[in-house]
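Visitor: Chains A and B, in that order, give the protein sequences. Taking this note's numbering, I'd label the letters of the first sequence as residues 1 to 419. Taking this note's numbering, I'd label the letters of the second sequence as residues 1 to 442.
One or more hints might be untrue.
What the hints assert, rightly or not - Simulated restraints, written as ranges between beta carbons of each label pair:
#	chain 1	residue 1	chain 2	residue 2	range
1	A	Gly113	B	Ala247	27 to 33 Å
2	B	Asp399	A	Pro93	26 to 32 Å
3	A	His374	B	Asp226	45 to 51 Å
4	A	Thr201	B	Ser109	47 to 53 Å
5	A	Arg149	B	Lys284	15 to 21 Å
6	A	Thr201	B	Asn159	29 to 35 Å
7	A	Arg149	B	His147	23 to 29 Å
8	B	Ser108	A	Thr84	28 to 34 Å
9	B	Leu10	A	Cys398	50 to 56 Å
To be clear, the hints were calculated from the coordinates, so they are not data collected in a lab. Using N, Cα and C, we set each Cβ at its ideal position, and we do this for glycine too.
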Amino acid sequence: MRMHPILAALRRHKSGVALIALQIALTLAIVCNAVFIIGQRIERLNRPTGVDEDNLFVITQRYVGAPSGDDAASLEKLDAMERTDLDALRRLPDVASVAYASALPLSDGMWTGGIGLKPAQQDESAHAAYFAVDERALDTLGLRLVAGRAFTAADIEHHGMRGERKPAIVIVTKALADKLFPQGDAVGKTVYLDDDSTPSTIVGVVERLQISGGHNHAAWADTFAWNSVLEPLRIDFAYARYAVRAKPGRLAEAMRAVAPALYAVNPMRVLDDEASVQSFADIRADAYQADRGMAILMGIVCLILLAVTAAGIVGLTSFWVGQRHRQIGVRRALGARRGDILRYFQAENLMIAVFGSFAGVLLALGLNLWLMRHYEMARLPVAYVLSGLLLVLLLGQCAVLGPARRAARIPPIVATRAA
Amino acid sequence: MFGYYLDLALRSLKRNKVLTALMVLAIAVGIGASMTTLTVMHLLSGDPLPGRSARIFYPQVDAYPEHKDTDEPVDMLDYRTAMDLWSAHRADRQALVADSVAQVVAPSSSVPATMQTMLSTTSDFFPMLGTTFRYGGGWRAEDDARHARLAVISEDLNNKLFGGGDSVGKTLRVGNTDLRIVGVLGRWRPSPLFYEVNGGRFMHGRTSPYYSKPQDVMLPFATALDIDDGHFSIFTCWASGSTDLKASQKNWPCVWIGLWVELGNAGKVAAYRQFVADYAAQQKALGRFNHAGNTRLRSLMGWLDYNGVVPGDVRLQAWLAFAFLGICLFNTIGLLLAKFLRRSGEIGVRRALGASRMAVFEQCLVEAGLIGLLGGIGGWLLTLAGLWLVRRQPAEYADLAHLDLPMFLVTFALAIAASLLAGVLPAVRASRVAPALQLKTL
């Protein structure tokens, strides 16, 4: 097909052409960046935490009228209460494993500090989140030990909320171990928690464990999301958190059995909040609520945007078809087939769309640069731009199809009628 | 003429219903999206204390030893500095603020105990911020001095614990201490909760917690130190040997107290600025600080601005919505152009019968404006729907998202202005139609 007549015709509709091209350009720019934001958010909220998420749930409970925990005797009493709870949970038929855990990945109860390689170091070597857990935590959470050993029952200490907390041994994640000891020989090495002068020896390394912290900490927490430290410690406090792994497929049953079992042990507790017994899936959903909301919103915006642009193309092309009614008749009378007319309008739209999407690619990159400056955004990958480009070209072709087919149906006889 | 043009416009709109619907829908969607985000922006970037905020200031003295004079001071005060500045009483009013968490229960109520974040403050807090009281009132300066066991509670907590009745004089147990309730706050929802705003520089736009509700329990600062020492929220600490966590929080190397002051005129502001700078210099001379040159006295709105309180996601959505409105406008321009030029014959007749270009232009703009009005109605409905969606979000500011009268009017103004803007180019083109050429082809 020759391009010349198309170009000649377009020159007579400069403003219409410019409008469609601009609309395509803007749509491309926004859709590229919006889809990129969606992609980033989805990537964030699909990150595996490293725990056995499908079967895990968490109990967060509080004793009413609990011992104060200010003296040794009341601490022992609190600890005994916690151990009794753990035993009661362990006896439930649908429960596979139970552990004490001060927090879970993505849960609240974020507790972080700087890790040093020398005593009382000024600048921390890495930032990490602490988890106080007992000897069953690795099994319950489903963590994979890649080096060293797990905690044993003899390792577990217990003390109150404000006790001296420097553990003699710790287990760290591989991410943290690699950062502190790039040679990969972390087991047996000494670290100093909170830049203190009490040494803690690394006895084990687990493959992966995301830090705690809900969505409010997201941006800051992302800088050390995989640096976790497990301490062999049960905190004796009126608040206690237990992690429970249900037998496969028995999660709901196990969760239902918790409250009756714990109330039977000791009714003096608060366990009826909606967050008291929470599946890990819920914790994950809570933590990423904002990200998911933004992704959905962006998705809706993209869809409406594409629809609006398509509607605009349909509207203007229909107008042009109406305007050129007679010319189309003449072309048909002179021997043009229906396919020729159809292809004419498709080629015309393709030219406008190519023109518009070139401007759109530039706009998309510019918008991305602006977003990078003002918001937490990464560089837009070329793949997004190219697929966006293909998408708008395809959208243009689909939108033009209706009016173009109507044009193709114009009979040659029109040429003989007076305009 | 306007009535006639309106009639013409109505006829024209009815003639091609699909095209009309497309245009109205495009404007409605664009307006709906931009007004939803604009309303949220408007609510979040507003003045939390209209009429008072200009007199309220936030002094900052930098106790953080690793900072230099060129650094921004740390966002809160250490205990010693806060007490020194507060007890100097150099401002018209001054109030300390600090958060702590404790178990709260009303012995006379069957509602189980809950953990609450409480606000520890001083007596000036209530008159300075102009809080209204449903029952009772705040406490007095002498109550601060004698560590009085009393508390002010929110209307929400009063409803929950006492069924909304007058609970003044009743007992609230915080930890193991009984406090007498002296006041119940009325509806009071400053947005953002400015006295809790700090650390915005480190939030990376995730600032929606700034829009949470005020604390349900407020008690004198000195009382809170007696009964809840060691449980105050801390902004940051620094290493100076080993911190003795068993000692009183007063002595921790941490910053955890905010001070808000009321200064009635520019002279007082200048004097207080000098006072704060002098205080820091004096403490440096005494060897307590290692630098003193970076004191600040920001106004309330300046402090909010410095902390970038409007969440990044909300700003991003607003930009997106306006780009969206832009695309909808381009769309409308295209469709209007098609619509007007299709009537070239008709316009040619009008022109031949003596209508001026201006008259044709006006007629076209009336039609565009009418589309804008219809789009505005649709946009208003979509805005209501959008805000309903926002209210269902888990964000802290969700309950604030309502369309007020100014924003309602803005909706229609924006819709009509947008459609008139979209109508200009097509109307100009239509008014330039050459009558002779059109008449020939009729």
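Visitor: Indicate, hint by hint, whether the structure satisfies it.
Guide: Right, here's what the structure says about each hint:
1. The hint said 27 to 33 Å for the Cβ distance between Gly113 (chain A) and Ala247 (chain B), and at roughly 19 Å that hint is violated.
2. Look at Asp399 (chain B) against Pro93 (chain A): about 43 Å separates their beta carbons, and that is not inside 26 to 32 Å.
3. Taking the beta carbon of each, His374 (chain A) and Asp226 (chain B) are about 46 Å apart, inside 45 to 51 Å as hinted.
4. The given range of 47 to 53 Å is respected by Thr201 (chain A) and Ser109 (chain B), whose C-beta atoms sit roughly 51 Å from each other.
5. The supplied range of 15 to 21 Å is broken by Arg149 (chain A) and Lys284 (chain B), whose beta-carbon atoms lie about 52 Å from each other.
6. In this structure the supplied range 29 to 35 Å is violated for Thr201 (chain A) paired with Asn159 (chain B), their Cβ-Cβ distance being about 54 Å.
7. Between Arg149 (chain A) and His147 (chain B) the Cβ separation comes to about 52 Å, which falls outside the hinted range of 23 to 29 Å.
8. Checking the proposed 28 to 34 Å range against Ser108 (chain B) and Thr84 (chain A) shows it holds: the Cβ atoms sit about 32 Å from each other.
9. Between Leu10 (chain B) and Cys398 (chain A) the Cβ separation comes to about 33 Å, which falls outside the hinted range of 50 to 56 Å.
In this structure, the hints that do not hold are numbers 1, 2, 5, 6, 7 and 9, in rising order.
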